[in-house]
Structure formats: structure tokens, C-alpha cells
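*Asks:* Sequences listed follow chains F and Z, in order. Reading the first sequence from the start, the letters are residues 1 to 182 in the numbering used here. Reading the second sequence from the start, the letters are residues 1 to 222 in the numbering used here.
Just so you know, not all the hints are guaranteed correct.
Derived lysine-lysine pairs resembling DSSO-like cross-links, with alpha carbons at most 27 Å apart [unchecked claim]:
1. K41(Z) to K21(F)
2. K3(F) to K129(Z)
3. K64(F) to K41(Z)
The hints are simulated quantities; they were obtained by calculation from the structure and are not laboratory data. Predicted, not measured: the structure shown is a model, and the values here were computed from it.
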Amino acid sequence: MPKPTPSQTVGPFFARELLWKDGGGVLFPGRGDRITLTGRVFDGNGAPIYDALFETWQADAVGKFPSGDDGSRPYGYGRVSTDSDGRYAVETVMPGSFTGPGGERYAPQISVAIFARGLLKGLRTRVFLAPLELIKDDPLARAIGDPDRLRTLIAARDAGDPKIYRWDVRLRGAGEAVFIEF
Amino acid sequence: MDVHPPYLYPDYKSTRLRAPSEPLVRVAPSPLEATGPVFPKHFVKDSEADLTTWGRSAPLGEKMVLVGRLLDEDGRPVRRSLIEVWQANASGKYPHPVDDHEAPLDPNFLGKGQVLTDDEGRYRIVTVKPGAYPWQNHAFGWRPAHIHFSLFGNAYAQRLITQMFFPGDPLLAIDPIFQSVPEAGRRLLIADLDLEQGVEGVALGYRWDMVVRGPRATPMGV
Ligand SMILES: [Fe+3]
Chain F
1 MPKPTPSQTV GPFFARELLW KDGGGVLFPG RGDRITLTGR VFDGNGAPIY DALFETWQAD
61 AVGKFPSGDD GSRPYGYGRV STDSDGRYAV ETVMPGSFTG PGGERYAPQI SVAIFARGLL
121 KGLRTRVFLA PLELIKDDPL ARAIGDPDRL RTLIAARDAG DPKIYRWDVR LRGAGEAVFI
181 EF
Chain Z
1 MDVHPPYLYP DYKSTRLRAP SEPLVRVAPS PLEATGPVFP KHFVKDSEAD LTTWGRSAPL
61 GEKMVLVGRL LDEDGRPVRR SLIEVWQANA SGKYPHPVDD HEAPLDPNFL GKGQVLTDDE
121 GRYRIVTVKP GAYPWQNHAF GWRPAHIHFS LFGNAYAQRL ITQMFFPGDP LLAIDPIFQS
181 VPEAGRRLLI ADLDLEQGVE GVALGYRWDM VVRGPRATPM GV
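Please model the entire structure based on the sequences and the hints provided.
*Replies:* Right, dumping it as C-alpha cells:
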């Protein structure tokens, strides 16, 4: 059995190589409610991380997994970098919930990977686009248990603009987001 | 045995404020994460696997051909999978606004390429050997020559970003990014010289295979 290739940091010099025009506009073949997931990424001092690569992978509006492309880019995948304020924004469709092989119910969520200088391995997590009461049966929510920790993965719907979901990500320290490994 | 580096590796200073302090939560990949983005064949042009033909003439440096295979942990080829590479030029300079290394840019080298693996998981890229470059992590710090790799596998759970190094490089011993990898994993990041993959009188040949986790590997100890 071959051993997996070890991870290494993406480093600071990826911007021209890995970023795409309109990489923050996630494509889907079908219809759905367009939403924007946006927020800021912070380090252990609470300072914005301005050189992170922020990626998303998600189900479509009815909870089906994307499997193709529009002729130019894959469906369902978003890729942006944070800006000088640590801010990212991904415009996409509201994902539907889906069911696992054992019947487990996955709440509406987006699978996220964050790569940056200083991260020897990409950080993986899932952000929920539903309130705490509606995600309790989700497998990750069950694995986390503690509602205070779980809240670090819930995007808040903007009071003024219901199309906007806000999710700030603290990598370390007070309010540190829950990260996962497979 | 884990071959991956830890998040917190104090010798690499940037990890100190960016590594999570809480343990990660181990979960099985969701059925969503057992699938991944599919890159259409024409997303990648054949010419993008050759980083040396981008300019009006050949770039400076030691021309090289790099071949290898992308496999999963069960040894199966990972087919039709996107591999993205980026690297410094032969003098150790990136054409990037935040690279302040005082070394010349090469007008004939962008240092960026991509390729899809074939049905046996194979890839081949043509480039020049990147130069080492200084960095400010520690006194007299220089990064060993390396090529950055971004891999997708066939499932989002397989997503991996890493770096490939060159055999016999004395800078490997002083590089905290390379040294952050447990000893059992370090060899896996170093390419092998494979002269016959090169082009006689033109380019050196190297070989580097990569392995991503299985798409559905179940969590251990749960
Ligand atoms: Fe580099």
C-alpha cells in the first residue's frame, strides 16, 4: 500500500497561479436561490489573514452532488482568495440537505478548505446554512456536541439582506472554528 | 503512521498564529466529499503542461521533464484528475507582487502550468529547475528548490496541496517546511532523477509519483 504524499503549505505566492476569473461565482446547471457566503478569516491574534485560498464544494439546491461542468469550469466548486481585510465572498446557490448511506441526514452545508502560508495542511470544515435547531441531527453536529463549538460553523443570515450569509473563521484562539479531519 | 506534518511547527514561524489549538474532529467524508469537481478535458490545454514555451524564446535555467503517476492509497490510478503546478524561475523569483527577492524576473517564464492525468494516472510536465530563494523565517533562511503542486484526486476528500523537492539538495536539512514532515514521510516529497525520461542533450528527466488518500477511507478508531 503506497503511503500518502505529505501535505505542504500553499505558501504566499499562489495568487496568479491558482486564482480564476470569476472563481467566486459558483456554477450550477439548475435553478436555485442565489446566495452569497461571505466573511473574514482571522489568525490567533485576531488579525485578518490576507493571503488565504478559500475553497467551497457543495450540493445543488435539491441536495444533488454536482458531477459535470458548464464547458469551462466544474459545477459546484468555488475558489477565491481573501483580500487585505481577510475577507472572502462566494456567490452560489443555497444547497439542499442530503442523506448519507446509513440514512443520516446532512443539513444544508458547504464543504470548505482553507489553504495559506503557515498552514502545513489545508484546514477542512463544513459551514452550515441553517440555524442551530435545524442541524442537530447532522453527523458533524452530533460529533461536535457542544453548541458553543458548533456555533462557530453556522453562517448567520444577514438581517437586512436575506441573500447574504455571514461566516467569520477564526483559525486559532478565542472563538476558534471547529476543523475536521477525515 | 501519519506522514503529514503537524499544524503547529514553531520552527516555521507562520504556523504559530495560524495553527488551530483545538484537536480536529474526526468524521467520515460526507457523500458530498466522496465526490469532487470534474474538470472538463478542454479546461486544460496540452500546451499548459509545458512551462518552457510560454515566452518568445526559451526561459533561462536547467530544462527538465517531470513524469509520474497519481495513485490513491490502494495503489489505484487516479484518472482524469487536475494537477496544477507553480514555481519560481531559475533564479528563485516568482512573478508575484509580494515576492521581494531581489532576483531577476524571466520574461520567458511564468512558472505556472496544469495537466490532467491520463487513464493510468500518469502526468508529464516540462519546465526548468526552479532556483532556491531566501525567506525571512529565520537567519540565513533559504528555501530549497521546489515545485508547488495542487491536486484534486477524484473526490473532494482527496484534495491536497504540497511541494516537490530535488534529490541531494543540502538546503533540505535547514528547511523547516520540509523538516515539518515526519521522517517517514520526507522521502516521499523528493523526486528521483530518471534520465531516460529527459530529452537527450536538452532536458534532464525526473520522476515523482503522488498518492492521495482513498475517496471513502473510513475514520480510524471511531
Ligand atoms: Fe515556493
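*Asks:* Which hint numbers does the structure go against, in order from smallest to largest?
*Replies:* none
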